[in-house]
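**Student:** Residue strings, one per chain:
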Amino acid sequence: MVVYPNAAEAKKQAGRYLAQLATESQFEWRSIGSSALFCEPVPQAPCQVMVFVVPVEGGFAPVFGFTVGIKHETRYWQGRIVDENGRPYPPETATERLQEILGVLIDSSRVSVSI
Amino acid sequence: MIRYQSGFDATTVGAVAVQIRQVIGDLVEGEWAHGLLYMIRELVDNAVFHSGTNGGDCLMELSETHLHVVIRDRGWGIHHSLQQAYGAMDEGTAVRWAFQGVSGTADDQRGIGLPSVLQRTETGIGLLLETGTVAFVGTQGEGYLIGKSTQGVEGVVATLNIPRWMLRPDGDIG
Chain A
1 MVVYPNAAEA KKQAGRYLAQ LATESQFEWR SIGSSALFCE PVPQAPCQVM
51 VFVVPVEGGF APVFGFTVGI KHETRYWQGR IVDENGRPYP PETATERLQE
101 ILGVLIDSSR VSVSI
Chain B
1001 MIRYQSGFDA TTVGAVAVQI RQVIGDLVEG EWAHGLLYMI RELVDNAVFH
1051 SGTNGGDCLM ELSETHLHVV IRDRGWGIHH SLQQAYGAMD EGTAVRWAFQ
1101 GVSGTADDQR GIGLPSVLQR TETGIGLLLE TGTVAFVGTQ GEGYLIGKST
1151 QGVEGVVATL NIPRWMLRPD GDIG
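Residue numbers (the working numbering), protein chains in the order written: chain A, 1 to 115; chain B, 1001 to 1174.
If you are wondering where the hints come from, they were derived from the structure by calculation, not from laboratory data.
Remember, it's a predicted structure, so these values are computed and weren't measured experimentally.
Even for Gly, the Cβ is constructed at its ideal location relative to N, Cα and C.
Please note that the accuracy of each hint is not assured.
To be verified - To give an idea of the chain B side of the interface with chain A (calculated C-beta under 7 Å), a few residues: (1) Leu1059; (2) Glu1061; (3) Ser1063; (4) His1068; (5) Thr1139; (6) Gly1141; (7) Tyr1144; (8) Ile1146; (9) Lys1148; (10) Thr1159; (11) Asn1161.
To be verified - Partial chain A-side listing against chain B, Cβ under 7 Å, derived: (12) Glu96; (13) Ile101; (14) Val113.
Claimed, not checked - Computed list of chain B residues with no C-beta within reach of chain A, every gap over 10 Å: (15) Gln1083; (16) Gly1101; (17) Gly1104; (18) Gly1126.
With the sequences and hints as input, model every part of the structure.
**Tutor:** Structure representation (structure tokens):
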């Protein structure tokens, strides 16, 4: 976890999380605001990623949040990219974990049978 | 979509397991088939022995990118199962415990367990397990608890995503 002493600095770094995701990702992201990206790798699993700042011990840290799927119509998932103790990952790990999790959810959405 | 589908219960699970072995053997390269069958067996056993309904369904489907294997039951779910044995807990805690090897079954009756299923995602097979209003993603040997919105899942639905590169070039579901 990378901790910043104040929220303003953490927010500034949060923008870099999104920039790194947009440039290194296997998905084609487009910006939908200063703190969110959107992509639609398959029609049934549109993805939205947000980055927000949370208070942690010693300061503040950026955290990825995501939604995958279409709410109220089909399978829909949401979560945050944190470790098993609820702590944010450093940026490289967070970006990697986010893409792995999104990959499984997108792949699972390809199943045509009703779950 | 090409699909295999069969229900199973405690009396038919043996015959269905033979069919599943046949399909996986035809579709998946040998070096990956063994580990995959191990994962499927654990998930099927869980439906038979832990769901409260003595069975479930197995579905297989090919998409452009993957072979998808879905094992589902309409039972009482992991949350209820562990609460019966250990008392009140939230759904997320129950699923975390299950993937740490905690079960409502006596020690001498346990199978290889969900931790083994999670471990085998190291090969590149993706796992999504949904129960109640939570979901658990397994990838590269690591597990992540996430939320499932809209309506909760009845029982347990486990989806295994096997990438195309693990499949035989001439494989098909007959």
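**Student:** Work down the list of hints and note, for each, if the structure agrees.
**Tutor:** Here is how each hint holds up against the structure:
| no. | hint | result |
| --- | --- | --- |
| 1 | Leu1059 | 6 Å, holds |
| 2 | Glu1061 | 6 Å, holds |
| 3 | Ser1063 | 4 Å, holds |
| 4 | His1068 | 5 Å, holds |
| 5 | Thr1139 | 4 Å, holds |
| 6 | Gly1141 | 11 Å, violated |
| 7 | Tyr1144 | 6 Å, holds |
| 8 | Ile1146 | 3 Å, holds |
| 9 | Lys1148 | 6 Å, holds |
| 10 | Thr1159 | 5 Å, holds |
| 11 | Asn1161 | 4 Å, holds |
| 12 | Glu96 | 9 Å, violated |
| 13 | Ile101 | 5 Å, holds |
| 14 | Val113 | 6 Å, holds |
| 15 | Gln1083 | 21 Å, holds |
| 16 | Gly1101 | 15 Å, holds |
| 17 | Gly1104 | 22 Å, holds |
| 18 | Gly1126 | 4 Å, violated |
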